[in-house]
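Here are the chains, one letter per residue:
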Amino acid sequence: MRHALIRTAGIAASAVLVLWGAATLAFLAFRIIPGDAVSVMLGPQAKVSEAVKAGVRAELGLDRPPLEQYVSYVGGLLRGDLGTSYQLRMPVSEVIGRQLGPTLQLTVLALLIAILIALVVALLARRGLARAVVVTGELIVLSSPVFWIGIVLLAVFAFGLGWFPVAGTRSPATVVLPALTLALPVSALISQVLRDGIDEAERQPFAETVRSRGAGPARLVLRHSLRHGAAGALTLTAYLIGSLLGGAVLVETVFARPGLGRVTLTAIVDRDLPVVAGVIMLSAAVFVVVNVVVELLHPLIDPRLRVRPAAFEAPAIEERR
Amino acid sequence: MIARRTALILAVMFLAAVALAALFPDALATHDPLRADVRSALEAPGAAHLFGTDQSGRDVFSRVVHGAGRSVGIGLLATLLAVAVGLVLGSLSGVAPRLLDSAAMRATDILLAFPEFLIALIVVAVLGPGPVNVAIAVTIAAVPVYIRLARTQTRTLRIAEHVEAARILGVGPVRTFTRHVAPAVLGSLSVLATIGIGSSILAAAGLSFLGLGPSEPAPEWGLMLSGGRNVLGRAWWISVFPGLAITLTVISATVIGRSLRARVEGRRA
Numbered sequence: 001m002r003h004a005l006i007r008t009a010g011i012a013a014s015a016v017l018v019l020w021g022a023a024t025l026a027f028l029a030f031r032i033i034p035g036d037a038v039s040v041m042l043g044p045q046a047k048v049s050e051a052v053k054a055g056v057r058a059e060l061g062l063d064r065p066p067l068e069q070y071v072s073y074v075g076g077l078l079r080g081d082l083g084t085s086y087q088l089r090m091p092v093s094e095v096i097g098r099q100l101g102p103t104l105q106l107t108v109l110a111l112l113i114a115i116l117i118a119l120v121v122a123l124l125a126r127r128g129l130a131r132a133v134v135v136t137g138e139l140i141v142l143s144s145p146v147f148w149i150g151i152v153l154l155a156v157f158a159f160g161l162g163w164f165p166v167a168g169t170r171s172p173a174t175v176v177l178p179a180l181t182l183a184l185p186v187s188a189l190i191s192q193v194l195r196d197g198i199d200e201a202e203r204q205p206f207a208e209t210v211r212s213r214g215a216g217p218a219r220l221v222l223r224h225s226l227r228h229g230a231a232g233a234l235t236l237t238a239y240l241i242g243s244l245l246g247g248a249v250l251v252e253t254v255f256a257r258p259g260l261g262r263v264t265l266t267a268i269v270d271r272d273l274p275v276v277a278g279v280i281m282l283s284a285a286v287f288v289v290v291n292v293v294v295e296l297l298h299p300l301i302d303p304r305l306r307v308r309p310a311a312f313e314a315p316a317i318e319e320r321r
Numbered sequence: 001m002i003a004r005r006t007a008l009i010l011a012v013m014f015l016a017a018v019a020l021a022a023l024f025p026d027a028l029a030t031h032d033p034l035r036a037d038v039r040s041a042l043e044a045p046g047a048a049h050l051f052g053t054d055q056s057g058r059d060v061f062s063r064v065v066h067g068a069g070r071s072v073g074i075g076l077l078a079t080l081l082a083v084a085v086g087l088v089l090g091s092l093s094g095v096a097p098r099l100l101d102s103a104a105m106r107a108t109d110i111l112l113a114f115p116e117f118l119i120a121l122i123v124v125a126v127l128g129p130g131p132v133n134v135a136i137a138v139t140i141a142a143v144p145v146y147i148r149l150a151r152t153q154t155r156t157l158r159i160a161e162h163v164e165a166a167r168i169l170g171v172g173p174v175r176t177f178t179r180h181v182a183p184a185v186l187g188s189l190s191v192l193a194t195i196g197i198g199s200s201i202l203a204a205a206g207l208s209f210l211g212l213g214p215s216e217p218a219p220e221w222g223l224m225l226s227g228g229r230n231v232l233g234r235a236w237w238i239s240v241f242p243g244l245a246i247t248l249t250v251i252s253a254t255v256i257g258r259s260l261r262a263r264v265e266g267r268r269a
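Sequences listed follow chains A and B, in order. Note that this note's numbering gives residue 79 to position 79 of the first sequence, counting from 1, and the numbers run on in steps of one. Note that this note's numbering gives residue 164 to position 164 of the second sequence, counting from 1, and the numbers run on in steps of one.
Bear in mind the hints are in silico, worked out from the structure with no lab data behind them. The C-beta atom is built at its ideal place from N, Cα and C for all residues, glycine as well. There is no bait here: all hints are sound.
So the derived label-pair ranges between C-beta atoms look like this:
(1) A:Trp-20 x B:Leu-20: 49 to 55 angstroms
(2) A:Thr-266 x B:Pro-183: 43 to 49 angstroms
(3) A:Gly-80 x B:Asp-32: 52 to 58 angstroms
(4) A:Ala-173 x B:Asp-26: 44 to 50 angstroms
(5) A:Val-108 x B:Gly-130: 31 to 37 angstroms
Given these sequences and hints, build the entire structure.
Right, dumping it as structure tokens:
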């Protein structure tokens, strides 16, 4: 019971820390932008008098002392107010909310495909030639830019064979190629870690015990070693959910799909910093939610963790590539 | 074992070719990478144009050759900068008072928890587009890994016997660091960097693909890929060859990095 309390407190503390850090970072993004925010916002071509600029500055609250601005920004966030887009003149939460659907669809489907591929590959291609082929395939996929994977899939399956539509969102089939593109690198990383975890587990003494009780290899993998391998893979998967957001920017561009990635790219090109800050906050929130879920799932998979205080962790350095 | 050796030799040979293309593009290129010739637009790969031509009739092979310097250069530069910054910040953190050290490590932990590409994207969002800013963004995205490794190495080396001996012999702290600690830390960072170059090249290519890096008509692999996107149905070669160049470069760097790491770990074991 005490351990459970300490774990919960640790999780809550980490969550608050990350969100606060992201809010500060997002705020700093406004401050350290080279040049005057209002001139940047109006663009280099705009011929606007200083008086008008001062008016805009006052309207946005940019003329107040930095600390006051910081407090009011964080205060706004606590009330769920992400600010107003410079370019679109509407609340950032609305800009993001409108485009969240297609991206959510894309990333969730990609994650499911990735986990499915990783499981199949890690469980079935374990020895000999199959393993060598899969390991080489993983190296190639991880070394390819995700947008190039998308272009090759488009060239082969949309333009070449005509199995899938080229772009757009009109039919459900349009999401297949983008999701597969996004899923491939993720699945390669997960299956690497999953395979190593399963191999590692089967070298442990307990595997010998299970074998000596007469369990076959299938039973050993499914009942015992997969569970051990899954612990490491779970941490990695949580980390990779963040990379799906970054990947969505590229994949949505390749496949000309609407979504959060396009919104982010447009905001970056137009220097629409409130929207950029909103996206930073959203990814931090996703990160926190995913990590809370993982922290709660971990003890279910690995009973040894039930007595250890929780903290968000990044996967080991080697696992990032 | 033989397969691994062959892969290593191929990787070294390919990277040598890329380096040659980056340093002396004119020695390999068959055409002027910038000269447009509308009469020969969208020609398929063949004897006249090895990798075909793009929409404005420019030779794709020559553009891939000329793009090597920029595409690999940004990734290489960013990695070198990241190693340098990581070495300084990481070893400082390794000898800093405990409170400062743990504050710095918490900050790197949080940065490490976010994917490199997302961080690079945010940095470009703040600094604005452009090739220099892309290099800075990729550096910042890559640096936490090196800070963390440099810190761990410094903390191990601080209490190593040869460093202890130097201190007892009266060597000053700065000299002890530059002569006895930094070279060893740099060694481990370089091994990691060989693998890291690949992800930095990928991140830089991604940013240029989005149009946030170098701009037309400069030959750059990521940019060329996005230029061919709209005519993919008619001319796959415009996008496919630059992408192949990126992939082969990154595979080669990874293969060499892994074999370096295996060698270092084997020596230690």
